[in-house]
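Enquirer: With the hints as extra help, turn the sequences into a complete structure.
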Amino acid sequence: METLLQSPMFGILLSLLAFECAILIQKKTKLLILNPLMVAIVMVILFLVVTQIDLSYYQVGGDIINMFLGPATVVLAVPLYRQIHNLKAYFIPILCGIFIGTLVGLCSILLCSVLFGFDLQMMASLLPKSVTTPIGVELSKQLGGIPSITIFNILITGIVGAVGADFICKMLKITEPVAKGIAIGTSAHALGTTKALQLGQTEGAMSSLAIGIAGIMTVLLAPLLWNFVLPLLA
Amino acid sequence: MKLFREVILIFGIYYIGEFLTTFLNLPIPGNLVGMLLLFLLLCCNVVKLKQVSTVSDFLLSHLSFFFIPAGVGLMSNFSLIANAWFPIIIVCAITTIITMGVTGKVVQLIMKKGKK
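Chains as they are written, first to last, in this note's numbering: chain P, 1 to 234; chain B, 1 to 116.
A hint or two may mislead.
Where chain B lies over chain P, by a calculated footprint (3+ residues, C-beta under 8 Å) [unchecked claim]:
{"hint": "1", "region": "2–9"}
{"hint": "2", "region": "36–46"}
{"hint": "3", "region": "58–66"}
{"hint": "4", "region": "72–83"}
{"hint": "5", "region": "153–160"}
{"hint": "6", "region": "215–229"}
Just so you know, the hints here were simulated from the structure itself, not pulled from any lab data. Where is the CB? At the ideal position from N, CA and C, for every residue including glycine.
Expert: Have a look at this one:
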């Protein structure tokens, strides 16, 4: 039994099975709140808790899956390149929008964290919450956050963004499809983009374009801001 | 053969990104350096889209699967969010709405100014 659990195949198979089930559930219910990644994570955790199998056995296979996150980030360049004509057409509004949106977003996270009395580690885990997961995890490590908590925050953000996008844009009278797409991609990464694609082709294209750019801007802005506020908070 | 070549290109570019970050002490994560590198190579036509598209599309369309282990890692930090999960969700929601609103408004404003 011990040797079977120590095989990386245990963690890999468990992840594959959980993900397959989660996708089936998503297809049946079509509820954005039942995000497949979240459902799969909950299923694996429940399985490990119920069977009392130690997390370290699962992580043997888990680490192998983790390894693919690096190359998966690199290929984010492909959708960015496919949208290059859109980037060229609206270069100034897109860059200014993402820059100001990201900066205000980061400041609002710090402000809210102070109001809610979060500690520094939690703040560092919250800051990368609007970017795509592979970038967010690296940034979280760099700032001194906890990657798994960052993933939790990124998931919640994506779900809020995807579920609320239509309503938020209507309330704030954001009607231009380009503006809607950029806003959704900047604030709610790939999960929000799934919703943007449903709103329209332009919205979807702009949203996927914004993921990469918002990721780069966050990586550049967050450490600067963090180093600036750290002495004030400590 | 084509798939092997795609994997070599993508993994290779990723590894070069990590290499650059480590040896030049860049403040940007290696995976992001790899992404910028691939973007530049595509723009300069050194790498053609079809030389990486099959593996890229596979990775991108199944991206969320690769985060399962990292998410399951939450188990060992469970005590940290056990008491704070509700405020965390509230903060995530508020700041997401702010980011979305500000970004959308700025893009729309500049676009309208440009048209006039």
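Enquirer: Can you give the numbers of the hints that this structure goes against, from lowest to highest?
Expert: 1
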